[in-house]
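Make the full structure from the sequences, and use the hints.
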Amino acid sequence: MAISAERRPMAVATPGSSPLELTIVGVRYVLITALAILVFMPFILSFLGTFKTNAEVTAYPPRFLPNQWHLENWANTWSIEISGAGSNVFARWFFNSFWLAIVNMTTQIFFCSLAAYAFARMRFPGKDLIFAFIIASMAIPGAITLIPGYVFYARLGWINTYLPLIIPSLVVPFGIFTLTQFFKSIPKELEEAAFIDGASRFRTYWTVALPLSRPALITLAVILFQGSWNNFTGPLLFLRDAKLLTLTVGLNFFKTQFAVEWNKILVGSMFNAIPVLVLFFIFNKYYMEGASYSGLAGQ
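Numbering (the numbering used here), first residue to last: 11 to 309.
Since the hints were made in silico from the structure, they are not lab data. In this text, all values refer to a predicted model and were calculated from it rather than measured experimentally. The beta-carbon is built from N, C-alpha and C at its ideal position, and this holds for glycine as well. There are no misleading hints in this set.
Once the Cα atoms are required to be at most 27 Å apart in a straight line, the calculated DSS-like pairs of lysine-lysine come out as: (1) 194 to 295; (2) 198 to 137; (3) 265 to 253; (4) 137 to 194.
The following label-pair restraints were derived from C-beta to C-beta distances: (5) 52 to 116: 27 to 35 Å; (6) 181 to 42: 36 to 44 Å; (7) 45 to 74: 16 to 24 Å; (8) 267 to 148: 36 to 44 Å; (9) 36 to 267: 51 to 59 Å; (10) 57 to 137: 43 to 51 Å; (11) 173 to 149: 21 to 29 Å; (12) 162 to 105: 25 to 33 Å; (13) 242 to 92: 12 to 20 Å.
Rendered as structure tokens:
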């Protein structure tokens, strides 16, 4: 099945445009500009806040630019020291978040693609029922399983380890559903040709299905990486040692009962946003292809 998307020309004003057309185009650009300001202004204000003193961040009425640019806020945030965790703990939090997101993303892509390929190409008893159960599980709020999960992992001795953050999320229902639909769109003739050449089922999956699914895989990988990177509840619930914390939870150490260092929290938030932004800009082409497919798959 071939899927194509027609690109519609963008409305622009030309010398021969009527006053009504000029007005419509002008209103569109005003609305787009206003929307862009609403979307990007919080990020811009947060970035500028990283160069302010804590008093300037909380001042009212707020100032757009700092009175003096405090570049040392970035260095002071990175070199934070916590009792029992030693120095350079911020770098440790960043590394913990990064490797945990990489491990989760890699394992989830592998196991989700395996399961999705089985649902898309193989026949086995109860396939439709199992797939329906997986889809239905997406409607279950994650908060429902937090307390039972904590009790279960505590009995296994997994508390204060990364196992509760990795093992339960090896298979993601959303990933299985997305990749199943993509695998179904791949012409079966390509796989049949591989079978004729003597390829096994796994080799066909590895050398034919996966390469053809690169847009969907990269799109899903970015989403899964972002989900693991921004995970707050899991590390907060299962990790106790400050050295094991991820960046999202570690930022709470800048908030005490006596003061909140908002400027350093903003610096930490910038560090927290950088990896996801970098991934998006690197794989933007594939991400948009995957998003386009998602919107056209049902047509």
